[in-house]
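Trainee: Sequence:
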Amino acid sequence: MVIYARPRMARSDLPTVVTLKPPPKINWAKRDDQYFGEVAKSADKLIKSSSKPLRVSQESLLGPIRLRTLIPANKDKLPKTIALMNSKIEARSDYLDRLLDWAIKHLSAKNEQINVDSIRKITGLGRARNPYIIEYLKRSKEIQKNA
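Each residue of the sequence shown is one higher than the one before, counting from 120 in this note's numbering.
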């Protein structure tokens with residue numbers, strides 16, 4: 120004869136089996152359209168900002184709308200959003216041109232002298248960018264002469 124530490128449970132005392140509902144199916148086409156609009160607004164906000172420009176990168180586009188990891192993880196399911204994001208991300212030279220353009224406008228609005236040092240000071244660029252700044256200033260002067 121076997122002695123149990125606890126008496127056996129009757130079948131009626133057993134917990135009932137709970138069946139879980141599967142999660143709802145995601146409509147990726149609708150989600151793609153939704154994220155497309157959010158990324159487009161984020162890009163426009165970054166580019167049209169009147170303060171010191173930020174580089175338009177994947178992080179700066181997706182960070183403010185809290186989609187930093189969701190969109191890269193579902194690249195195959197969000198083709199329109201990925202295409203828009205890739206078209207809005209700017210190269211370093213494009214960002215530097217936009218930054219230097221902003222710096223020149225900012226300095227001229229304050230009636231300050233526009234030279235390499237004042238531009239470096241306001242943009243936060245290091246000395247390694249001096250040749251690029253000088254080249255940009257030459258290009259902008261040539262454009263102004265031709266216009």
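Keep in mind the hints are simulated off the structure, nothing from the lab. Keep in mind that this is a model prediction, so the values were computed, not measured. Treat the hints with care, since some could be wrong.
With a cut-off of at most 20 Å between alpha-carbon atoms, the simulated EDC-like pairs for lysine to aspartate or glutamate come out as follows [claimed, not checked]:
| no. | residue 1 | residue 2 |
| --- | --- | --- |
| 1 | K260 | D216 |
| 2 | K194 | E157 |
| 3 | K257 | D195 |
| 4 | K171 | E231 |
| 5 | K207 | E157 |
| 6 | K207 | D151 |
Trainee: If a hint holds in the structure, say so; if it does not, say that too.
Mentor: Structure-based check of all given hints:
With a C-alpha separation of about 14 Å, the suggested pairing of K260 with D216 holds against the 20 Å cut-off. This hinted pair checks out: K194 and E157 have alpha carbons roughly 16 Å apart, not beyond 20 Å. Of the supplied pair hints, the one linking K257 and D195 is violated, its CA atoms being roughly 44 Å apart against a limit of 20 Å. For the hint pairing K171 with E231, the CA-to-CA distance comes to about 17 Å; that is within 20 Å, so the pair holds.
Using a Cα cut-off of 20 Å, the hinted pair K207 and E157 holds, with the two alpha carbons roughly 13 Å apart. Between K207 and D151 the alpha-carbon distance is near 16 Å, which keeps this suggested pair within the 20 Å criterion.
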